[in-house]
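Chain residues, written in single-letter form:
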Amino acid sequence: MVEGQVYPLLRWIVLLPLFAAAVHGVSLGWLRQPLSRTATIALSCGAPILSFVLAFVSLIRLATLPPDARFLTDTLFTWIGAGSFSADAAFLFDPLSAVMTLVVTGVGSLIHVYSVGYMDDDHRDDRGFQRFFCFLNLFLFSMLALVLGDNLLLMFLGWEGVGLCSYLLIGFWYADRWNAYAGSKAFIVNRIGDVGFLIGIFLLFWALAGVDAATVNFRELAVALPQIADQTVTLPSWLGGASWKLTTLIGICFFLGAVGKSAQIPLYVWLPDAMAGPTPVSALIHAATMVTAGVYMVCRMSFLYAEAPGASALIAWTGLATAVLAAAIAIAQTDIKKVLAYSTVSQLGFMFVAAGCGAYSAAIFHVVTHAFFKALLFLGSGAVILAMHHEQDTDKMGGLRQLIPWTHRWFAIGVLAIAGFPGMSGFFSKDEILLSAWLAHGVPGHRALYAIALVTAGVTAFYMFRLHFRTFLGESRVAPELRARVHEPNRWILAPLAVLGVLSVVGGWIGPSAALNPIPGVDPAQSNSLANFLAPSLASTHHEVAFATERWLAALAVAVAGAGALLAAWLYLWRPGLPARLREAIAPVHRLVANKLYVDEAYDALFVRPLVVVSENVLYRGVDAGLIDRVAVNGSANLVRGLASGVLRHFQSGLAQGYLVVMLIGTILVAFMVMG
Amino acid sequence: MLVEKAVALSAILFVLGTLGALTRRNLIVILMSIELMLNAVNLALVAFSRQWGDLAGHVFVLMVIVVAAAEVAVGLGIVIALFRNRESVNVEDSSLLKW
Chain A
1 MVEGQVYPLL RWIVLLPLFA AAVHGVSLGW LRQPLSRTAT IALSCGAPIL
51 SFVLAFVSLI RLATLPPDAR FLTDTLFTWI GAGSFSADAA FLFDPLSAVM
101 TLVVTGVGSL IHVYSVGYMD DDHRDDRGFQ RFFCFLNLFL FSMLALVLGD
151 NLLLMFLGWE GVGLCSYLLI GFWYADRWNA YAGSKAFIVN RIGDVGFLIG
201 IFLLFWALAG VDAATVNFRE LAVALPQIAD QTVTLPSWLG GASWKLTTLI
251 GICFFLGAVG KSAQIPLYVW LPDAMAGPTP VSALIHAATM VTAGVYMVCR
301 MSFLYAEAPG ASALIAWTGL ATAVLAAAIA IAQTDIKKVL AYSTVSQLGF
351 MFVAAGCGAY SAAIFHVVTH AFFKALLFLG SGAVILAMHH EQDTDKMGGL
401 RQLIPWTHRW FAIGVLAIAG FPGMSGFFSK DEILLSAWLA HGVPGHRALY
451 AIALVTAGVT AFYMFRLHFR TFLGESRVAP ELRARVHEPN RWILAPLAVL
501 GVLSVVGGWI GPSAALNPIP GVDPAQSNSL ANFLAPSLAS THHEVAFATE
551 RWLAALAVAV AGAGALLAAW LYLWRPGLPA RLREAIAPVH RLVANKLYVD
601 EAYDALFVRP LVVVSENVLY RGVDAGLIDR VAVNGSANLV RGLASGVLRH
651 FQSGLAQGYL VVMLIGTILV AFMVMG
Chain B
1 MLVEKAVALS AILFVLGTLG ALTRRNLIVI LMSIELMLNA VNLALVAFSR
51 QWGDLAGHVF VLMVIVVAAA EVAVGLGIVI ALFRNRESVN VEDSSLLKW
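Keeping their order, the protein sequence lines are chains A and B. For the first sequence, the working numbering assigns the number 1 to the initial residue and increments by one for each residue that follows. For the second sequence, the working numbering assigns the number 1 to the initial residue and increments by one for each residue that follows.
One or more of the hints may lead you astray.
Stated by the list, open to error - Here are some chain B residues the structure puts well away from chain A; computed CB gaps all over 12 Å: (1) Met1; (2) Ser10; (3) Leu43; (4) Ala47; (5) Phe60; (6) Leu62; (7) Val67; (8) Leu76.
To be verified - Just the calculated beta-carbon pair ranges, DEER-fashion: (9) B:Val29 <-> A:Gly635: 45 to 53 Å; (10) B:Ile12 <-> A:Arg641: 41 to 49 Å; (11) A:Leu660 <-> B:Val64: 15 to 23 Å; (12) A:Val662 <-> B:Leu96: 15 to 23 Å; (13) B:Val64 <-> A:Leu669: 20 to 28 Å; (14) A:Ser636 <-> B:Leu96: 28 to 36 Å; (15) B:Leu96 <-> A:Ala632: 30 to 38 Å; (16) A:Leu669 <-> B:Ile12: 18 to 26 Å; (17) A:Leu664 <-> B:Ser88: 22 to 30 Å.
Stated by the list, open to error - Counterexamples of contact, computed for chain B against chain A with all Cβ distances above 10 Å: (18) Leu2; (19) Val3; (20) Ile28; (21) Phe48; (22) Val59; (23) Val72; (24) Val79; (25) Ile80; (26) Arg84; (27) Val89.
If you're looking for bench data, these hints aren't it; they were derived computationally from the structure. All C-beta atoms, glycine included, are put in the ideal place defined by N, C-alpha and C.
With the rest of the complex left out, here is chain A (with noise of 0.2 Å):
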């Protein structure tokens, strides 16, 4: 194996964000005295920042290595050690993580300066302002750690923190009881994920120790996975008996870690709730960062996933159903954010189409980009919210191009990079990802994978137009006493704005495929840069295509978006009065869609309510209440005091004399005894 290289600075990228953290902690929680607004903007603004600036130094160090030793490596401490078992806490920066790391970091810093000025507004809590900075650079390090560590279970370990602090960020306005819920909900499905997610390292751990090459090492891991790739296990008879192999049953259950994570069917239900959390945690959390964490785990595994094509058919599809299904319910959808949070959920689908048809890189190409134009179109969609003081509703906004006309650019240039303007970092990564689905020949039934994806593309373009010129376009509905005070944000929120806008229009050049983009003199297998970069990292899925196809298949997709674009100007720019009457025809469907299809009322009847009833009755009143507290301990605790007080205490004179002479006895049976 090729030894990588030390680099001691690895380590800080992921530990400023957390001395940041602790020491918010410190202050607020133990010592009980707030820092200042300033400080507090240093520390919090600062860590990322260094982060980032420390991650594009190692970026540039890992570039002058010859490809094939192209990694970092930081090791802190042994972590586990068991036997000939080990698990360090040690940082791989290898190109994968190098790109996510540089995006996290990237996007993270903008969105933290984004913040200082969204949360500035907020009075709820004098406290708030340094305890939101506290979680969101909690949540950088956690993100950093599940990004950057070598192995499986440092990876869990920052899966988990992100999961907490999604928590923590969804309820922090937690006086409202809904948003607490949201919260809660989050956690909790994303939990039923991760079951999933441990059950996988086990049977990866336990397969892998069956051929004496027991490791939780990703790089080890890679070289020990082809020894076990052609086992197969059969399931248990009350599993169905059936005969699997043994990569693709590993394969499923670490993909049901991601679908939990990265909100695809059926937990994504829950990030459509996170939209309760304020709106840079949207941005970061709900849209750039920690949904793509499955999406990543998927990459990272890309070598077990090259060898279970059972289980890279299963991820295609499921990634292609909660598309289209998310796209559908963000047709109907009136509100700002959720319309976003859909689309987040829809274009994670997008990106697993790509994971489950081989193309690793396409789908870490299209969380780059989606990163730049999502992070732009909420923090957009944060700024209409405090322009407009707190309101959601687009059926209450209308017009605002005129009073914030700033923003309105910034969100313009997100619906197009989205949508897939040629050009613009939308474009580049969705045609990657259409394109991989066309020649997926391992996915049974690609070339529908790929008609289907063609469309929901198309529908992308048309919700999200929708979304644009409900909410600037258009006549205005703002109420008259509100749109005097509608006011531009300040700079703390433009800058950033500024910053993605640019992201999301050349973001995309930083991989466009050879036959978008050839370059003369250059072999085409080699001319995609990040495909390129990425390489060492990703089980190899080459495929050839020629360059007319891709050109076609390009052409085809701008066609469809277009029509989707243009379906959106005329039902809701030219024709007003037509979208209430296509409304009334056919408002059941409409009714259903607008309702998400009622899938939160079927999990609610058929899990949450049974589990709560079954918790009640049984549960507490049956087993706690009943079987622990009645019988076990009132029950043990009345028996000895009935012992006692009926017949134990009689033995008890008080006379020590009386003491004495059975103690005399006990001592002479004693002696017998020893001596007999």
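Dock chain B against chain A, hints included.
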């Protein structure tokens, strides 16, 4: 033969002490009876020590004497404290520990 006589005397003394401790009501007499039991044991110990030529018995006796001295000091102290409180050294008057 000396050992048998000594052990017989020890047994007689021990039984006397036991009976005294069990039957007398005066705390001071009970303490004296316990001393009698201790010394009966001491006698047996030195007798066997001589019989087997093992000094451990002597060492034990010295130990018992020291402990007995301490015990008398503490015991008499308790008796005095008890008398100050209850104006009685009769064990039957001190039976607060009964149900």
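Exercise for the section: Give me the numbers of the hints this structure contradicts, sorted from smallest to largest. Expected result: none
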